[in-house]
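Protein sequences appear in the order of chains A and B.
Reading the first sequence from the start, the letters are residues 1 to 616 in UniProt numbering.
Reading the second sequence from the start, the letters are residues 1 to 616 in UniProt numbering.
If you are wondering where the hints come from, they were derived from the structure by calculation, not from laboratory data.
All values derive from a computational prediction rather than experimental measurement.
Think of the CB as a built atom: it goes at the ideal place given N, C-alpha and C, for glycine as much as any other residue.
Heads up, some of the hints might be wrong.
Pairwise CB distance ranges (calculated) [what the hints assert, rightly or not]: (1) Lys200/A / Gly313/B: 27 to 33 Å; (2) Lys362/A / Ser99/B: 52 to 58 Å; (3) Lys166/B / Val420/A: 37 to 43 Å.
Listed below are the residues making up each chain.
2 protein chains.
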Amino acid sequence: MATPIPSHQRIVPGSVNLPPYPWPATAKDTSVDPVSIAESVTSKLNGSLSSGDFASISELFIDNGFWRDHLALSWTPRTIKTSAAIADYLSSSPTKLSSVQVDLTSEFRKPQIASFAPGGSPDVKGIAFYIKWGTSLGTGRGVARLVQEDGEWKIWTMFTCLVELKGWEEKVGARRELGVEHGKQEGRKNWRERREGEQKKGEGEVLVIGLTIAARLKMLGVKTLVIDTNEKVGDNWRKRYHQLVLHDPVWYDHMPYLPFPEHWPVFTPKDKLAEWFEFYAKALELNIWTSTSLTSSKWDEGTKTWEVKVNKGGREERVLRPKHIVLCTGHSGKKFMPDIKGLSEGVFKGLAVHSADFAGAKQQQEGTERKRKAVVVGACNSAHDICQDYYEKGYDVTMVQRSSTCVVSNKAALKVLLAVLYEEGGPPVEDSDIWLHGWPSEVMKSIQIDLARIQRKMDEDLLEGLEKAGFRTDKGVDEGGLFMKYLQRGGGYYIDVGMSQLIIDRKVKVKQGEEIEELVENGLRFKDGEVLEADEIVFATGFMNMRTQARHILGDEVADRVDDVWGWDEEGEMRGIWKESGQSGFWFHGGNLALTRYFSRVTALQIKARLEGLGA
Amino acid sequence: MATPIPSHQRIVPGSVNLPPYPWPATAKDTSVDPVSIAESVTSKLNGSLSSGDFASISELFIDNGFWRDHLALSWTPRTIKTSAAIADYLSSSPTKLSSVQVDLTSEFRKPQIASFAPGGSPDVKGIAFYIKWGTSLGTGRGVARLVQEDGEWKIWTMFTCLVELKGWEEKVGARRELGVEHGKQEGRKNWRERREGEQKKGEGEVLVIGLTIAARLKMLGVKTLVIDTNEKVGDNWRKRYHQLVLHDPVWYDHMPYLPFPEHWPVFTPKDKLAEWFEFYAKALELNIWTSTSLTSSKWDEGTKTWEVKVNKGGREERVLRPKHIVLCTGHSGKKFMPDIKGLSEGVFKGLAVHSADFAGAKQQQEGTERKRKAVVVGACNSAHDICQDYYEKGYDVTMVQRSSTCVVSNKAALKVLLAVLYEEGGPPVEDSDIWLHGWPSEVMKSIQIDLARIQRKMDEDLLEGLEKAGFRTDKGVDEGGLFMKYLQRGGGYYIDVGMSQLIIDRKVKVKQGEEIEELVENGLRFKDGEVLEADEIVFATGFMNMRTQARHILGDEVADRVDDVWGWDEEGEMRGIWKESGQSGFWFHGGNLALTRYFSRVTALQIKARLEGLGA
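The shape of chain A in the complex, shown without the other chains:
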């Protein structure tokens, strides 16, 4: 019998668990001028690029260096490791990098001496700087990190990400629309009439199920239609559990083109977020059919076109012929319910629902003879929020934690995990994203291991208190903490906003480490024989792989062709999402608001490139 994988090491099945990257040696000379060193390295790179001397490029990198490339040199996100592989990658690219420039446009972007290991032990000093670059097809940005090897400054990590395609630059700032066509135009329609016309027509090269990528596509001039089964945009958030407030702070959550304003609360309540989405769609003039569901779909390999039937508002069947479908329904999709005896048979006489269907706890009257009992199965964000809601409304509450949870206090999440990049007065969010995604995943893991160590120190009392109360905490995959759990497993953590103290104070009970045997008439029976009485049971047991969404919406044929989603591939790029899915013309998009912000551009640019036949 194989040893089971411990809970903290669990990752999405089939994904690659890349090890942490061993820190390079710290630079010996740190009283140098980082700008001139950056300029010198960049100039050598440009020289080799223009002469096509790719072998000499590899000499600019340390042996185990990286080039992470989001669409500068190929039409799919890549992370290339080793100097030899980098030379191969550059030489075989159909697109030629023509000029890499050191970005001197702000203090934050300028070359500077940086300490790369946040733990400080070892201290890994080097030089970091932002770059701008161009090819015949587009322009982009990136970040480079240099380390010193035998006295010589070499590239440790290089990152290039495409920002704009030539000829399809986004209409923002100096390129914004005029809003009115001056001079006479006979028979002209006003803005409302034009918008209503587009909205009604609804034709599109791309059909989006969800929302978040539609704005990026619109800015690239791609005709896009969004369909949403809900009555109103944002309802997928409105319908979530009563007390839901985002666990990520506003600085990390900005959406593209319409940043949250200065007065926006740090943590956005779900209904407020729903309102924002609703307005976002209007402000960006996205074409959306609500109360609309996909009824059938068929891919024609010959014409590379989908034939999609949708039911619009329960009244009208419409046939659409998009070239691409993007599924970005995120977590609002297929719920994961554990297969427990008695659940489907309705043996249990109380209320048993998935967290996605949980309407909120009802206020109990004080002094009632018998407190109503609530049991929440699960021990991550939703489970905690729901327990807290029950407790505050006067229930007797028990959380069922079957394995272990990575717990991070809200304070540590802000001050340790997100600080510097995403905080009040921090750098522009576009710069922060480039800094973050500019790390290859292996190095990101090393960074997160350092940060998680600092975080656990800050959260020492909390974590000890939880353990004493019988709640089991863990350190995450390879001790990488919350971020690694999120990226490699897609769950398994709680960002504490108050519930942990209720556990520590024994106000909410924990049933730990035992699997549920079956539901019985008045509660749950565990494998150890204990029966936990319950009037209400909520299964905060998460959601299934996004691939199941494809099956649900597009059928088996498509679902069988698409790759698994989430977790790393061999290069540390995320699997199946933000890139071709395995089924031509079909894409997954999603993640938290921050990942969605960055990767919506990566995905939209890939789709645009394919629509324009740019060698994809």
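Following the hints, complete the assembly by docking chain B onto the known chain A.
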């Protein structure tokens, strides 16, 4: 018989026509360090302020210098002229300025050599810099301009505006709300429930009829209720004429706290603006009762409280007891219809409406035997837009211009009048507002005279073409162009977005300089005897003084007590608006989006000061 005032010199009756300020001499030494000069003057000022030596302060100013003060030293906006008066003003202020600092936080704000006269002839060089200051009550910003007199650098204009009150700092940026209260709270409501509760309760210290000031009051922690007779927020814009698009560009139009995003069109169509207002109210969490009208009001001088009855949604009567009422219905109020014989009697058989009620021209079929005839009375923005709409829909169109119009091409408005301060990539709008409002009105007039001269040069062909086509243009009050017409008269201009060419090309006819005698069955008869046939007549004759709105909404007793609104008082501050109206607890607020942005803070701070008993 008195000579009638020529049209271009007409100003709001009762307002003061301050003359342009004669340019001071240019500085002799311009290769000086502006920072050290600014620091030196500021340090002398601080010294005199702290020792209470107000006489020595007057020596820091030129004799005819200004101190414009928006709430630093008194609770009403003031412009003090002459160095002697400035010393008096400072010495008699109950609040003491404690520290004036040179603002070095950005290149734009830093002291620099500036050319004050935009025409460049004479060239008036001096030093300009932004300041920050504090008193025991609050903190603020401002701008100072120095000129050199007999070799000595002296203050020509000083401007102080209050930004924040101590103890009631706005909850933005580092002071934003958390959005969630961590830890347990028994019986807690979620965000939606709290918002719905506030909205329903609707109690407030301030009742706002309109919208734009409510956000500022909210940020100051003032409980505020907005009532709106329309069904939906923004309907006052939706209901305006079909082709309406803002004539001011996006850079000038930003609203407080929620700037228009980077992709926003330069000129906002009315329905898009309406959507923005609707969302704005939600994003700022303003409490608004729509479909609600005021039915009666009574001021109690003893308790300094209003008793206001409103009809909510046609279903419910509610009694409110606010301490203050702010009327900011702007142009959506009382229309001005000329008193023309036959109009009220219904002699004319076609359609005759005010521009506010004009639904838009109907598309005419080509090849119809007889073109429908439209006559538009008026020659300013709305009249032009409506003529253009009629023309584009296939009508035979005549514009009736009774006097003259100040015409500025859209291009010149952007490139000459608004450039530098309000343009793509320009300074932060808060800085631009301080620069602009930091000018005393007399100097502003001198600046506008220079700018208008440059503008007319740029628009030479346009203006000549119009004159040749029988359309009469003018240069505005004292040749101050569009801005002076707007500030001193509140109308009388057209920002050309295409209609002028239709006049120049004789595609839209002009009936110039003749008063209308009466409406007849088939059109209008002029005093010269000519009858102009019409199927439709639109009176784009503007709106009445805001005071008429007070009469309409609050009755004669209040209206008789309030001052006239708009145009300058003896100091060049605007009359009756953004300050006490003459009736305690009653305020006017309004203007274009840009004025509203700046003065909403000035007005809200005055109201807050009165509510808190801060010596007002």
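Verification of the hints:
A C-beta distance of roughly 31 Å is found between Lys200/A and Gly313/B, which places it inside the suggested range of 27 to 33 Å. Evaluation of the 52 to 58 Å hint for Lys362/A and Ser99/B yields a pass: the beta carbon distance comes to about 56 Å. Distance hint for Lys166/B and Val420/A: a CB-CB separation of about 31 Å, inconsistent with the stated range 37 to 43 Å.
Hint violations for this structure: number 3 only, all remaining hints satisfied.
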